[in-house]
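2 protein chains.
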Amino acid sequence: MSSVDKQLDELKTDVEQQIPNDITVTDVKYEGPELVLYTPDPKRFAGDGELVRKLASKFRKRITIRPDPTALTDTTTAEEKILSVIPEEARVTDLDFHHDTGEVVIEAGKPGMVIGRHGATLREITKEVGWTPEVVRTPPIESSTVSNVRNFLKQERDDRRDILERVGRQIHREQLGREEWVRISTLGCCREVGRASFVLSTADTRILIDCGDKPGAEGEVPYLQVPEALGSGANSIDAVVLTHAHLDHSALIPLLFKYGYDGPIYCTEPTRDLMGLLTLDYLDVAAKEGRAPPYESEMVREAIKHTIPIEYGDVTDIAPDIKLTFHNAGHILGSAVSHFHIGDGMYNVAFSGDIHYKDTRLFNGAVNDFPRVETLVMESTYGGRNDYQTDQADSEANLVEIINETYEKGGKIVIPAFAVGRSQEIMLVLEEAMRSGKIPSMPVHLDGMIWEATAIHTTYPEYLRDDLRDRIFHEDKNPFLADEFNHIDAGEEERQDVADGDQCIILSTSGMVTGGPIMSWLRHIGPDPDSRLVFVGYQAQGTLGRRIQTGWDEIPVPNPNDAGRTSTLSLNMDVSTVDGFSGHADREGLMNFVGTMNPRPEKVLCVHGDERSVQDLSSALYHEYNMRTFAPKNLETFRFK
Amino acid sequence: MSSVDKQLDELKTDVEQQIPNDITVTDVKYEGPELVLYTPDPKRFAGDGELVRKLASKFRKRITIRPDPTALTDTTTAEEKILSVIPEEARVTDLDFHHDTGEVVIEAGKPGMVIGRHGATLREITKEVGWTPEVVRTPPIESSTVSNVRNFLKQERDDRRDILERVGRQIHREQLGREEWVRISTLGCCREVGRASFVLSTADTRILIDCGDKPGAEGEVPYLQVPEALGSGANSIDAVVLTHAHLDHSALIPLLFKYGYDGPIYCTEPTRDLMGLLTLDYLDVAAKEGRAPPYESEMVREAIKHTIPIEYGDVTDIAPDIKLTFHNAGHILGSAVSHFHIGDGMYNVAFSGDIHYKDTRLFNGAVNDFPRVETLVMESTYGGRNDYQTDQADSEANLVEIINETYEKGGKIVIPAFAVGRSQEIMLVLEEAMRSGKIPSMPVHLDGMIWEATAIHTTYPEYLRDDLRDRIFHEDKNPFLADEFNHIDAGEEERQDVADGDQCIILSTSGMVTGGPIMSWLRHIGPDPDSRLVFVGYQAQGTLGRRIQTGWDEIPVPNPNDAGRTSTLSLNMDVSTVDGFSGHADREGLMNFVGTMNPRPEKVLCVHGDERSVQDLSSALYHEYNMRTFAPKNLETFRFK
Ligand SMILES: [Zn+2]
Ligand SMILES: [Zn+2]
Ligand SMILES: [Zn+2]
Ligand SMILES: [Zn+2]
Ligand SMILES: [Zn+2]
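The listed protein sequences correspond, in order, to chains B and H.
For reference, each letter of the first sequence is one residue, going 1 to 641 in full-length UniProt numbering.
For reference, each letter of the second sequence is one residue, going 1 to 641 in full-length UniProt numbering.
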């Protein structure tokens, strides 16, 4: 009998001692980090709201109750009863019964009303029908990504349960309890931006954190082949943790599965969906640009299948000696500061991932409050001595002024923007400005992946700033549903109509004018001297966006009639840049994030910044706060305990 | 056809172009780092002294000529001819013909006379008989270690050729030529003395340097199980380099073979023999103390079989991208500063191993002159601010005085000493003092492994200080053969006789009075108030030696009549300590070694010292020479390129 089986046997006996004699538990299993109890008495568990909570706190595990098939009401009757229990305002859009697990997935416009106060409605459902309800939100804006992911996971349920059971046994395996030490190895994004990847290791466990690419530097991928990463076998890695979906952190996650990795990926639910969206687009772009993609789209599906989503604040066992907790990072949807609690308090490490420290319209500022933290691995994108950003209020006033000027001249406003994060922030600025009359109401056309990314945002309002979340919960106040927003979904023809039409604002990808529909908009509107091109995001060296910023006005655009060729376009429209909408904390924000961190870490590794930024930030943190700071190189290993 | 076979094919063609048309080369193979040419014309190669030298410099390899069996004179005739070519004063003691390789191993008292000027006599032998002569020294003092090793290697010749061929192909495999980087990972002896072990790695190659135990700290072994060491498979290591035979560097080398390692060990020839002696004794001591030895003596033989000996100054390919050169370290017999030339000049790293910077009676001071060196990994045993040692001249005067005093009182002198190194140094001091009349001539009894270790020293005089080497070459001047020296080889009875006899000096192991025959000497002589116990080496915390130094005079000794029990002994003899005979450089020596190093390294990792010593030395090197210095912890990885 394996040590895990022995452990489960003992757990079963312990559980039986904690519950009334007349409730039966037939089996106890791990599924991922959760403990699953099989019972012919699901209604009894549902009848006592305290019972599961007591077990969870006693065993320090998340507990799932799984009913025996015998305890389940037939689906026709069950559907009727469930719909009678849930208030109509919850707007249930789908019920999906899974006989294998006794779960019923309820998709509803207002999940909170399905859950009820402290889960009262959920328990009511189980008491009525025996089934275990699971609730998901009906996307307020239809998202093909979300529905594809959900359908795919539905179809792969069997495989997924096998994976979860295997992962569960792996997490709860016997700890070898050899020496106690904690190390971090750097595989990328040290003294550079891009290819974020780290290994956090103990004598028992190895965790890979992020696995991104380096945009604009093909072939510079994380050093995955070294022995401390995948060099000693893809499955020498116990778990992968993904801080957020940006490609410089996620692009090569699917590649791990091509290399034979078969373990879990921990990230938030929106990060999972955005990773799906962005990595598939990454493959698309590679194909369009004639580069061999590093993996097939099948591997993206593998990654999604192996994802175990975690919510902010949930303390989750991911290895015998490591607990992971995500906290809001304020950077993009689902982005997480990742906190690792190691060896029952022996050591604590936080990875900032990418952060924004102040509140924005879209997100609350990054969390920097932890039970304990000795070492912080800190992003340093704007860590340079002079990397201060304009206040967002000033930036917004600036943008409003530019829009009004252009509107008065009768021109159109074209804004190249990243699909995820910055677009939604600008949408919120525009919506508010129109609602409050700071700018005239006019159509805002959303092109490229922006609409789809916005739909994903509205599916996960819990991950947005609290007042925004509240507005999305009330359909009539959901700013993303404002009448002015129009999804460009009919291609060139629609663009031509828009270009020929009245004054309007256009938000389009790509954000750095390196391809995508923005090229088309430039062709349509670029020649118009009354219109204005407004940059709201960082334009990297070597991109067309940067060239236009620095004064180029003869620009190459793809010939619409002949794919392979480009023609030259005279750019007559005005060009403006509005700073201050970055998703990254500026120098002040980074310093404050560390300076107000509770508790103050002893050591900080400054990463994810160019050479000068990491050195400046490292030195400032040392002098200001008297911490031990490091500016690691790639391929180094630091020991902390 | 493998890339190595292709390479050898091309080499054969190239060789044929370099040699006269009428000399045939039938095959070309690698054996370890050497290139072996098979030929039916060995006499032709021997006839032209320049030919092999030209080939070696052209191909930058050591070249071995191996004759076809057809070219060999029958052994009876050959023996006769060989003995007629070699001058009688060479004192040939053995001729050993190996038909498989066409080699004849000639053991002689004066190997230099077998070699002749620039190898002239060797070439003469081949010209006469076709056989390839190989010369070894007849140990001037019979050494069972040396003869066991030689006999074992003779018996394992077939296996060994297989190993060498495999290693040769491994060394000359195609280089993958991926990224260029150089890293050092620390597996032990950081902020501590003991369990020396490092991994030097590039994208292509991993070298393990040393693999010792930590005396007095059982269970604290090098972190071999981490992925950058053996964690990704014992044979993910390309080669092992052993700086010297002390157990804190060598004890766990045989363990590697138990773990499945099957590659080469590079060290000097005396290090190989001393490693055999010391690791077998290590197993013995473990057994006697009732500890489970970590490996069987069979593994020591495996280690010896896999050893490829290298002489000081020989540049040797040990991997496609790494050349190793050993230099005298002045610490113990065969100890080597190990220089790694990486990636055809991309980077150079030197590992000091343990060093003594000044000349001693036994050894020249450590070499610190290299073609290039960017990073130095530096021992720091006496790196502390105040770790200055008495000058050896003063120490010797001190010892002489103590001996004379004791002699006048009619007492005996008992000196606990380490078998390897310090004993021979003291023997040289005593021999010189008697010869020059500074102390009266009296017997010096050598007990424990001291005699055997001395025999090994005299087998390899090339590794001793130059003037000492010259004296050993002239038998009548060999100081170790002085009449006063007596090998205690008849056990307790002989000890009793000595104890009952006249004034004398006794050198006995163990050096820290932790066991061995010194315990017996204390029982015999300890109660005599006219005799004197003299410490000449460092006594570690927790050892009986240290306790006696600090004043204990009631000491536990094993009961000679009842093994398992101890009795208490009143120590009435005087106790003295004479500093200054250390095998390690003191603080000044370490600073000078680095300060006068040519060229001065950019970076220094201070290791092999307690916390305070490495920090002090690291800080002193930084402030004095403005170098980048580090005091690594175990389990860290530093990247240098
Ligand atoms: Zn990001
Ligand atoms: Zn990033
Ligand atoms: Zn040593
Ligand atoms: Zn040592
Ligand atoms: Zn072998």
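Hints listed in this document are in silico derivations from the structure and should not be mistaken for laboratory results.
The structure displayed is predicted, hence computed values, not measured ones.
Hints are supplied without guarantee of correctness; some may be wrong.
Since the list gives no way to pick one copy over another, a pair counts as held whenever it fits inside one copy or between any two copies.
[What the hints assert, rightly or not] Calculated lysine-lysine pairs in the BS3-like style (CA-CA distance at most 30 angstroms, straight line): (1) Lys127 / Lys110; (2) Lys110 / Lys12; (3) Lys43 / Lys81; (4) Lys603 / Lys641; (5) Lys127 / Lys43; (6) Lys633 / Lys323; (7) Lys477 / Lys6.
Status of each hint after checking the structure:
1. Within a single copy, lysine 127 and lysine 110 get their C-alpha atoms as close as 21 angstroms, which meets the 30 angstroms cut-off; across copies the closest is 99 angstroms, which misses it.
2. In this assembly of identical chains, the alpha carbons of lysine 110 and lysine 12 never lie at most 30 angstroms apart, being 36 angstroms within a copy and 80 angstroms across copies at closest.
3. Taking identical chains as interchangeable, the C-alpha atoms of lysine 43 and lysine 81 lie at most 30 angstroms apart only when both belong to the same chain, with a minimum of 14 angstroms there against 103 angstroms between chains.
4. When the C-alpha separation of lysine 603 and lysine 641 is checked against a cutoff of 30 angstroms, the pair qualifies both within a copy, at 12 angstroms, and between copies, at 24 angstroms.
5. For the homomeric pair lysine 127 and lysine 43, the shortest alpha-carbon distance inside one copy (4 angstroms) is at most 30 angstroms, but the shortest distance between copies (100 angstroms) is not.
6. For a Cα distance limit of 30 angstroms, the shortest separation of lysine 633 from lysine 323 qualifies both inside one copy, at 27 angstroms, and across copies, at 25 angstroms.
7. Proximity of lysine 477 to lysine 6 under the C-alpha cut-off of 30 angstroms is found in neither arrangement, the shortest distances being 54 angstroms within a copy and 74 angstroms between copies.
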